[in-house]
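Residue numbers (numbering that gives the first Met the number 0), protein chains in the order written: chain B, 0 to 253; chain E, 0 to 223.
These are calculated hints, taken from the structure and not from any lab test.
Quick caveat, the model's predicted, so the values are computed rather than measured.
Treat each hint with caution, since some may be false.
As the list claims (entries may be wrong) - List time: in silico DSS-like cross-link candidates among lysine-lysine, alpha-carbon distance up to 30 angstroms:
1. E/Lys-219 to B/Lys-158
2. B/Lys-26 to B/Lys-93
3. B/Lys-93 to E/Lys-219
4. B/Lys-26 to B/Lys-219
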Amino acid sequence: MSLIPDPVGRFFHRMASPPYFYAFTEKLMPWLTGIFLILLAGGLYGGLYLAPTDYQQGDSYRIIYIHVPSAWMSLFIYMVMAAAGAIGLVWRIKLAEIVAISSASVGASFTFIALVTGSLWGKPMWGTWWVWDARLTSELILLFLYLGVIGLYNAIDDKRTASKAVAILALVGVVNIPIIHYSVEWWNTLHQGPTVTKMDKPSIHVSMLVPLLLMAAAFKFYYVIAMLQRARLELLQRERTANWVKKMVTEQSQ
Amino acid sequence: MSLTAAFFAIIRRDLILALRRRSEIANPLFFFVLVITLFPLGVGAKPHLLQAIAPGIIWVSALLAAMLSLDSLFRSDFDDGSLEQMLLSPHPISILILGKVSAHWLVTGLPLLLVAPLLAIFLGMPGQSLGVLLLTLLLGTPVLSLIGAIGVALTVGLRRGGMILSLLVLPLYVPVLIFASNAVEMAAGGLPIAPQINILIAMLLMALVLAPWPTAAALKMSIS
Chain B
0 MSLIPDPVGR FFHRMASPPY FYAFTEKLMP WLTGIFLILL AGGLYGGLYL
50 APTDYQQGDS YRIIYIHVPS AWMSLFIYMV MAAAGAIGLV WRIKLAEIVA
100 ISSASVGASF TFIALVTGSL WGKPMWGTWW VWDARLTSEL ILLFLYLGVI
150 GLYNAIDDKR TASKAVAILA LVGVVNIPII HYSVEWWNTL HQGPTVTKMD
200 KPSIHVSMLV PLLLMAAAFK FYYVIAMLQR ARLELLQRER TANWVKKMVT
250 EQSQ
Chain E
0 MSLTAAFFAI IRRDLILALR RRSEIANPLF FFVLVITLFP LGVGAKPHLL
50 QAIAPGIIWV SALLAAMLSL DSLFRSDFDD GSLEQMLLSP HPISILILGK
100 VSAHWLVTGL PLLLVAPLLA IFLGMPGQSL GVLLLTLLLG TPVLSLIGAI
150 GVALTVGLRR GGMILSLLVL PLYVPVLIFA SNAVEMAAGG LPIAPQINIL
200 IAMLLMALVL APWPTAAALK MSIS
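My request is simple: use the sequences and hints to build the entire structure.
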């Protein structure tokens, strides 16, 4: 007896076929966009308007509604990328490879946004754009890991080979991320002791927490949308000689 | 041929090849010394400043020297096709790779240990931290070779792999740099260094066990 129920298995089996995936995601896109916009509107309204001003940080704390979800996404997407890469490596599913590489640039963007918003927040709060804080530093190294993945993918001409290389690199990165994270944390505490960033985590008020979670959910949907768009484009490029693409293009041009 | 015999045969072959091309051994060494010479010229020859940043300088230079020497790990074997023959052999590739990395470390990593005392004197490091510096180099440079092997295996098929290799490998070198230079710094201050050394040993053991696998997978990918 299989662990996965039959309908689910069939769904994944069909999703691995490029024409089906292409058509299905096209139908899915308006729904995803709708949910994303609703969550985004709710999160922004709650975060920028309903949530009270912080008694210490004033209004500038509101950047967390962008910063914190992006930081969460940066790690989450790396995990998705590595998992998709592993699936592609083991079962040779073309779509898993495409999902892995399409995730890389979205993840890199989120990492970059987290760094930039963090530094924008740091200037008024800590009085400096950048501190060699443990979390900042490991986020920066995460960005380099993403850039390595993207660079490697672009450097290899044959895209199937490139996907394999990227998957191996992403998996090596997954083993290394905790090691890097903890070593950077230790390095920081050894060098300068607890800094301003190590403020005791105040229990966040529910009026601030709900918009944050809404924004986090909205970012998840945004990631899926952006990743699928890239994946569809990548799929068309790779399958440009396949029959279903030719048929679709001729049907659309008529 | 048994696996052990194959492992040592690979080491022997690579060492003989390296001895016949001595400049490849010497170049990373010159680079290492040269980079360290640049630092006093750049930041000024103030003894206390140099002494304070010496562990970091020596380790960053060792990192760069190790990275630049990586290319020779698989390059010539890839070019003349002996790598393909190696992959066709009945032995597990990861063990053969471990042999190649060991030989490479003996040729490029070990010499760094031999010149390190000289550089420590250049930078005015206190005598008690010299032993620790050698110990960290002894434990850390094999890790650099093992992790670097993954990067080289991924990029060996590329014509211009040098720049991308550094982008892949340097972020993964961060933990070694942190713990090794920190241990030397602590030793200079007369503080205990056991935790750092233990972690370096743990990293070395983990790299020994885990790194050859992705390297093997990446080599198979590069050859195909």
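Structure-based check of each hint:
1. E/Lys-219 to B/Lys-158: holds, 16 angstroms
2. B/Lys-26 to B/Lys-93: OK: B/Lys-26 and B/Lys-93 at ~21 angstroms, within 30 angstroms.
3. B/Lys-93 to E/Lys-219: holds, 19 angstroms
4. B/Lys-26 to B/Lys-219: holds, 19 angstroms
Every hint from the earlier list agrees with this structure, and none is contradicted.
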